[in-house]
Amino acid sequence: LVGFENRFRTKDGEYRWLSWHAYSDGDMWLAAAADVTERKLVTDDFEQAIAEERLLAYRQPIVDWRAGEVVHEELLARLRGRQNGHVLSTAG
Amino acid sequence: MTMRGLELGDNGRNVAINLSSRSIAGTDLMEELIQAVGHANGAAARLIFEITETAALANIGGAREVAERLGRLGCAIALDDFGTGFASLTHLRDLPVQIVKIDARFVAGVRSQPADRALVQGVASMARALGMRTVAEGVEDEATYELLKDCDIDWMQGYLVGRPTPI
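So the sequence lines, in the order shown, correspond to chains A and B.
Quick note: the first sequence, position 52, residue 40 per the working numbering, numbers continuous.
Quick note: the second sequence, position 114, residue 133 per the working numbering, numbers continuous.
Among these hints, one or two may not hold up.
[To be verified] Here are a few chain A residues that sit away from chain B, every Cβ distance over 10 Å (derived from the structure):
#1 R(-5)
#2 W17
#3 E40
#4 Y46
#5 W53
[As the list claims (entries may be wrong)] Only part of the chain B face toward chain A is listed, based on derived beta-carbon distances under 8 Å:
#6 A62
#7 S107
#8 P183
Keep in mind that the hints were calculated from the coordinates and are not lab data.
For glycine and all other residues, C-beta sits at the position ideal for the given N, C-alpha and C.
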């Protein structure tokens, strides 16, 4: 199974992102694509904000003491120059 | 955001994301988020959304709706900073929550304040009876960690078990 994403330009000049999943049984390839443009835009905004350091992002583990392992990673983010905020509050 | 979550999740762990009252009230943002979660195959089951009690308090109807919709997609919901809002028990009853995160100010008192220890123990046993998991926030020293084990807390968070690290 392979997966990748690529960008297409539509007739009216707009770009759309497609996410492809392809599968081969050895003889034949089957492929399916989904339009993921909206998700891609949200992701890119977030990553750009981090890259430009407008948004400072951290992660902090949550530990299961019985199993002795990290069960979750909490994502925390704050806008530069602001006391506190969280990933999504900053985007709002 | 979702992709970032997926990347972090590739180590097999779940990812917890905070929702503030502002993000809950921001309808467009919530719609985008819910769509993004719906589009990311397999990601929903590894996402936990944390709603603080004060955020839930500010907009209980909105908080419940968001929690229910994310829950239907397969995400877990945690009630964050538990004990700091008014009507904490009402939130526990009325929100579709699987995880209760006990606020650091109760955890900080576990070592020296019998009242705080009793409260933490009580919340842990109440949460268990409701089929929920508990997290102690702000665990900073060994003695507190040991006492929290005795209180039957499931999971720990704080400087003792892991500092926040920049992404």
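Here is how each hint holds up against the structure:
1. For A:R(-5), the non-interface assignment is confirmed: its Cβ lies about 15 Å from the closest Cβ of chain B, beyond the 10 Å cut-off.
2. Look at A:W17: its CB is around 19 Å from the nearest CB on chain B, clear of 10 Å, so calling it non-interface holds up.
3. Listed as outside the interface, A:E40 is consistent with that label: its C-beta sits roughly 14 Å from the nearest C-beta of chain B, beyond the 10 Å cut-off.
4. A:Y46, annotated as away from the interface, has a beta carbon of chain B within 10 Å; the closest lies near 4 Å.
5. Listed as outside the interface, A:W53 is inconsistent with that label: its C-beta sits roughly 6 Å from the nearest C-beta of chain B, within the 10 Å cut-off.
6. Checking B:A62 against chain A: minimum C-beta separation of about 10 Å lies over 8 Å; hint violated.
7. Annotation: B:S107 was flagged as interfacial toward chain A, and the flag is violated, the nearest CB pair being 20 Å apart, outside 8 Å.
8. Residue-level restraint check for B:P183 holds (minimum Cβ-Cβ distance to chain A is 4 Å; threshold 8 Å).
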